[in-house]
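Use these hints to put chain B onto chain A, whose structure you have.
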Amino acid sequence: MQNQDPVLNEAAIRLGVSLRQTEDELTRNMLAGTASFINCVGGVNGDNPTEITRSDVDGVVRALKNNNAKTMIHMIEGEDKFGTAPVRDAYFALASTQLIGNLDNVSGFTHKSQYPSSTGLQYSEWGVIANLRFFLSSIGSVSPNASMLAANVYNIFCVGLEAYACIEQDGYSANFIYRPPAVAGGPLGLFATAGYKFAEVPRITNDLWVLNLRCTLA
Amino acid sequence: MALTTITQGRFTSNGTATTIQMESGIDWMKVYNYTVAAASQTTAVGVEYYWQRGFPSGYGWEYKKSNAANAANLSAIITTNGFTYVDTSVESARLGVLHTDVTAVSNATIPVVTETATNGLSAGNVVRLTNIAGAQQLSGMDFTVGYNTLTSNTFSLDYMAQIVAGTTGNWEVVNWQSMYYPRHRRITKITQATQAVVTLSVTHGYKVGQAIRFNVPAAFGMTQMDGLVGNIVAIDTTTTTGNTVTVDIDSSAFTAFTFPLTAAVPFSPALTIPVGMDTALALADSVDILSDATYNTAYTGMILGAGANGPAGQNNDVIYWVAGSSFSVNNL
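Protein chains in written order, with my numbering: chain A, 1 to 218; chain B, 1 to 332.
Worth flagging that the hints you see were computed from the coordinates, not collected in a lab.
Idealized CB from N, CA, C, for every residue including glycine.
Some clues are possibly wrong.
Label pairs and their computed distance ranges (CB to CB) [stated by the list, open to error]:
#, chain 1, residue 1, chain 2, residue 2, range
1, A, S138, B, T223, 33 to 41 Å
2, A, Q122, B, S252, 49 to 57 Å
3, B, G276, A, G101, 37 to 45 Å
4, A, L8, B, G25, 57 to 65 Å
5, A, Q114, B, T297, 30 to 38 Å
6, B, T5, A, L8, 46 to 54 Å
7, B, T223, A, Q114, 50 to 58 Å
8, A, T97, B, T5, 34 to 42 Å
9, A, L8, B, A308, 46 to 54 Å
Which chain B residues stay away from chain A? Per the calculated CB distances, all over 12 Å, these [unchecked claim]:
#, residue
10, T100
11, A108
12, V208
13, N296
14, G324
Pulled from the structure, derived: some chain A residues nowhere near chain B, Cβ distances all over 10 Å [as the list claims (entries may be wrong)]:
#, residue
15, G101
16, L161
17, E168
One chain only, chain B, in its complex shape:
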């Protein structure tokens, strides 16, 4: 029938939350764990899940499978790790819960944030710090975290320059990036070299051949770089120590780049601004010459929670799903 759409798919779980992007909005979704259904279970675990528009975020209806004849609780509402419907074009929905429990930001070569509660982060998450006493230069910035240090109550700011230690403050997860690629990025380090190596605070996503303009305010020292346009000749995507771009700008005689101290606020950040493409360079490196094309990355979709009782299942579980929009919705 017109106005009714159904989409379906399959994936193999990697044991973590899985995001399924949809062509259009959906009103309901069913998820089936083929692996669980095909095996005998000693304890009841989730085999089928259902979501309908109107469920609170993270909720779902779970049907469990067990070989025990009198297994209890075969049908239950799950209140966490269920279904989370997302629309990444909505700016206000990008942020997670504000955590106000930071107790320290270290002065290690790669700064480490310590907090009192369990953070629930995964390596590669992007976190925004705010109101970090003693290190306010970090406040309001987003960082990729956790590749170097990640425990239940600590996480590293993987690409940040060394700082004077900070104390209390807040953090929150940034769930997804701004809508359009390529994006501006904040600079944390620039080397003095014949080809400057630039480190960005968040996984940059740039490609070889892209041209970027530098905005380097006086507070960062290397003012000679301000306003220059460089072509990216190499990128380093090593998660622990990389996230750099190398540009064809000789910065060896420039003043050193120094990230400002807390006393310097307020100031404007140092930025890379994507401005175009050196097609010859891209072709020589076998990179798509349209890598700099403006691209809308927003989507609507569903985040499936993982685990024995989550719709995304456990590692190597084969998951089938079907979702759709209804012709008529009649909520009384």
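For reference, chain A alone in the conformation it holds in the complex:
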């Protein structure tokens, strides 16, 4: 049916994006509300938290390493390519696209275009600082007016391997449900319906392996 119906095909695509984005938002909100956090304090913008700096990143990496959190991704070995640098094994740092620019100014930042290899890189990745590889999204977590000076606070979820999970409830992950006009369209078969449902809960599995690094903009 989807192959034959361009409208349904488009609706299915949009619903698929909506489903996964909703999952992301739920996980984001769980981490924002329950994960431990530290403020960036190394910056000079006069706020609390400050803008992100290298010392703040080092503090997070140190804390995760001290807690025996495993990195999410292997290092990328250096190669003989102009302008590139090796990339350390790293934890993931999930954040808002509003941090573009601020991240670039952190000491030791390497944009993904300067990785020795582009194999397997994700669209959302922005770059790496020390042992944190940053993945940015327009729906990254923001706490409005939450800083000392009432600026928006950006939550950077720094996570190690298996720090949290999305637990499927009721024996299924997600259902896409289509009801054709003959079923849902009333006496005259005027309309169809399409939608999704899912039942899952995000949950931190080890609170020592996830840390929310909060910052403001420079």
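What follows is chain B alone, placed relative to chain A:
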């Protein structure tokens, strides 16, 4: 018809704004004040209210009842204290209006905030302070307020430690909490005792048996507590002086917990992080062993304003309501 839902209900007003949670989004709502309808009125007061998606927040359509034959204004738009549609999963909608009129934060045992305008707060509201000159350690923090002191232009920070007085600054109401329970909380005090008593800045919601990890940065003094996990053996929910949890950690020999001064900013806050459950402790105290389960508390719903001309009515008014979603909406 498919895609059309109707829900209904009833409640007795307590004279304050009432929030009705909905199973799904709604497009319209009607509210009927049974008590007003059943009695003779000397002046026209609201008996029926209507809201439709598209009304500005706080607005509503009010129908008044009066025994006077020529009562005027029997149908009117109300612009405040009407219907406010909410979706608590939306982070940016959590905050109220920013008030920039703080004139002082006292150095009393329980600090009191003074401002110039009428605050409109109720005891138990959660308020976020920002840019408090002389007491920046409070800025960016949320506090439960008003149980000890609440006037039109003052409110107490009920669970805050004593501070050096602050002066000017801002505040705003935090309308609802972060989406998932159990939540991390900011610590304002920890006692030195065989079983440490921990005070949290906002009503904590923890249960006996829950396990919490402590994040106590060096700026707070009691660094021995940092990283420890304690089981909650008692909670105090007394609104004026409580909001504490007692944990099975002997802090009697620890360095004193001292809330940092304004000069210490920037710093990271001291936190409690919920990490699990001591089921034996919970069972012994007749507490649900799943009290620590991660729980999505978000909802969509409607806040009904109270009063003689508000849909939530006055104290003891019996209110009936019906709400629904429309199959087709055709706004031109």
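Hints and how they fare:
1. About 39 Å separates the C-beta atoms of S138(A) and T223(B), a value consistent with the hinted range of 33 to 41 Å.
2. The hint said 49 to 57 Å for the Cβ distance between Q122(A) and S252(B), and at roughly 51 Å that hint holds.
3. At about 39 Å, the beta-carbon gap between G276(B) and G101(A) stays in the expected band of 37 to 45 Å.
4. Remark: the range hint 57 to 65 Å for L8(A) to G25(B) is contradicted by a beta-carbon distance near 23 Å.
5. A hinted range of 30 to 38 Å is violated for the C-beta pair Q114(A) and T297(B), which are about 43 Å apart.
6. One distance hint, 46 to 54 Å for the beta-carbon pair T5(B) and L8(A), is violated here, with the actual separation near 24 Å.
7. One distance hint, 50 to 58 Å for the beta-carbon pair T223(B) and Q114(A), is violated here, with the actual separation near 40 Å.
8. In this structure the supplied range 34 to 42 Å holds for T97(A) paired with T5(B), their Cβ-Cβ distance being about 36 Å.
9. Remark: the range hint 46 to 54 Å for L8(A) to A308(B) is upheld by a beta-carbon distance near 52 Å.
10. Not every CB of chain A is more than 12 Å from the CB of T100(B) (nearest about 9 Å), against its label as outside the interface.
11. At the 12 Å boundary, the C-beta of A108(B) stays outside the reach of chain A, the nearest C-beta of that chain being 22 Å off.
12. Every beta carbon of chain A lies more than 12 Å from that of V208(B), the smallest distance being close to 19 Å; the non-interface claim holds.
13. The beta carbon of N296(B) is not kept farther than 12 Å from every beta carbon of chain A, the shortest such distance being approximately 7 Å.
14. Taking the minimum C-beta to C-beta distance to chain A, about 18 Å, the non-interface status of G324(B) holds against the 12 Å cut.
15. Every beta carbon of chain B lies more than 10 Å from that of G101(A), the smallest distance being close to 21 Å; the non-interface claim holds.
16. Even its closest Cβ contact with chain B, about 18 Å, leaves L161(A) beyond 10 Å, as expected for a residue assigned away from the interface.
17. Non-interface call for E168(A) relative to chain B: holds, since the shortest CB-CB distance, roughly 14 Å, exceeds 10 Å.
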